[in-house]
Amino acid sequence: MAKEFERAGLPTAFITTIVPLAQNIGPNRIVAGQAVPHPLGEPSLGSAAEKELRRRLVGRALAALQADSPDQLVLRLDDPSASAELAPA
Amino acid sequence: MAGVRVVHYLNQFFAGIGAEERADAPPGAVTGAVGPGRALAQALGDQGEVVATVYCGDNYFNEQPERATEEVLALIEPYAPALVVVGPAFNAGRYGIACGRIGVAVQERLGVPVVTGMYAENPAVELYRAQLYIVPTGATAATTGAAVQRMAALGLPLARGERPGRPAEAGYLPRGLRFTERSPRSGAARAVDLLVKRLKGEAFETEWPVPAADRVPPPLPIRDLARATIALVTSAGIVPLGNPDRIESTFATRWGKYSLAGRDDLTGAEWEAVHGGYDHTYANQDPDRIVPVDVLRELEARGVIGRLYDSLYVAVGSGASQASARQWAREMAAELTAAGVDGVILTGT
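Chains as they are written, first to last, in this note's numbering: chain A, 1172 to 1260; chain B, 4 to 352.
Check the hints yourself; a few may be wrong.
[Stated by the list, open to error] Residues from chain B shown here face chain A by an in silico Cβ test under 7 Å; the list is partial:
id, residue
1, E66
2, L130
3, P222
4, V298
5, A328
6, R329
7, R333
8, A336
9, T340
10, A342
11, L349
12, T350
13, T352
[Claimed, not checked] Sample of chain A residues facing chain B (criterion: CB under 7 Å; computed from the structure):
id, residue
14, F1176
15, R1178
16, G1180
17, A1184
18, I1186
19, V1190
20, L1192
Since the hints were derived computationally from the structure, they do not count as laboratory data. Owing to the predicted nature of the structure, the values given are computational and were not obtained by experimental measurement. Virtual Cβ for every residue (Gly too), placed ideally from N, Cα, C.
Generate the whole structure from the sequences, applying the supplied hints.
Set out below in structure tokens:
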């Protein structure tokens, strides 16, 4: 679906757990999700910590939407090279 | 004469461990054939024997593929198989990926031939077709009988060290590999022959189909996030409680659009997961874990984004054909662009 949004000119950040598949047949902007049944959650954390994890993942997605690169981009939470954090408002 | 020793790999569902709620099952092994392995054993007849079945949960595998592959290999190796059969995975994406990865590891690390089976549209086919013998199957387990027949027929000669014939004859998906053969006619003669047929409008068969790359050029990035309208779309099937549009949990024929107006987050009291390919427990406790409305609203309130688009677009990706998914997305994209949305966050599983 993501590629059709891209074909229509919409920058699209695809949050998915199964990254190798998305890299192969998916869009340009990919964010690695946390787990298959909860890509933007982590039930083993307390609710405050889980919400913070979700904020960071959404932050990666928004950073991907702002990234200007001809190459496919995969952003992960644990990637230290990702300078893709939102600046605090 | 002893038959070929075969080890069969299955996911947690086909191994009888459990359904989606056991997709986190770690690898294990049992002696003999289990589930579809019994049909495989019958197909092998007296030429082969399923000595063991090794299984692993689809989420356990996909969430830590390297570790899971090591554990599965360690379970397969002591049985000293002459052939490893993985799946068939039909149209199941996570299962197909596990089959593909394990199949390749068995070939490379154990030096044992592998046969698998998948529906042609399984996403794992494109990833692994060049490295594995993939028998084309139907989309569902209703086609198990025919699938394991062909997998056995392809696997037995492989186990004996024979090279199978061409894909169409031997019954596997074309791998995109080229082998050198002698032809009685020169390439020039064959090329002219093809050209003449084509010019005459006669049927012809290309010797090499040119692959079409399908990466879409990246759309321009959002330049001013604080003024941007961001839309949320999900293929993970989060719908209002009761599924008012009756979106099917697999092989869906429709998609939905639901208002987010006035909502600061999604709760299990008002929303539910209907996608048939994952365990709904965590999504139903808090649907924001799939569709992060709560965080997008916070960012909107802080002025980090301009606004969260009022409508949530929902599809169920489980079993969806590529043609269906593309069609749905085209329809959604037409509405989103007409509404002036600047960017999309699409969540999948």
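Each hint, compared with the structure:
Taking 7 Å as the C-beta contact cut-off toward chain A, the hint placing E66/B at the interface holds, the least distance being around 6 Å. For L130/B, the interface hint holds, the least distance from its beta-carbon to any beta-carbon of chain A being 6 Å, beneath 7 Å. Interface hint status for P222/B: upheld, as the beta-carbon distance to the closest one in chain A is roughly 5 Å, under 7 Å. With a least beta-carbon distance of about 5 Å to chain A, the hint placing V298/B at the interface is held under the 7 Å criterion.
With its C-beta approaching chain A no nearer than about 5 Å, A328/B sits inside the 7 Å limit, and its interface hint holds. Because the closest C-beta pair between R329/B and chain A is about 5 Å apart, less than 7 Å, the hint holds. With a least beta-carbon distance of about 5 Å to chain A, the hint placing R333/B at the interface is held under the 7 Å criterion. Interface restraint check: A336/B against chain A, minimum CB-CB distance 4 Å, threshold 7 Å, status holds.
Against a cut-off of 7 Å between C-beta atoms, the interface hint on T340/B holds, since the closest Cβ of chain A lies about 5 Å away. Taken as an interface hint, A342/B does not check out: its beta carbon lies about 11 Å from the nearest beta carbon of chain A, beyond 7 Å. Because the smallest distance between the Cβ of L349/B and any Cβ of chain A comes to about 5 Å, under 7 Å, the interface hint for this residue holds. Interface restraint check: T350/B against chain A, minimum CB-CB distance 5 Å, threshold 7 Å, status holds.
The beta carbon of T352/B comes within 5 Å of a beta carbon in chain A, closer than 7 Å, and the hint placing it at the interface holds. Among the interface hints, the one on F1176/A holds; its C-beta lies about 5 Å from the nearest C-beta in chain B, closer than the 7 Å criterion. Given hint, R1178/A at the interface with chain B, holds; its Cβ is 5 Å from that chain's nearest Cβ, closer than 7 Å. At its closest, the beta carbon of G1180/A sits 5 Å from a beta carbon of chain B; the interface hint therefore holds under the 7 Å criterion.
Evaluation of the A1184/A hint against chain B yields a held restraint, the C-beta minimum of about 5 Å falling below 7 Å. The beta carbon of I1186/A is positioned within 7 Å of a beta carbon in chain B (closest approach about 5 Å), and the interface hint is therefore held. The beta carbon of V1190/A is not positioned within 7 Å of any beta carbon in chain B (closest approach about 10 Å), and the interface hint is therefore violated. Look at L1192/A: its Cβ gets to within about 5 Å of chain B, closer than 7 Å, so that hint holds up.
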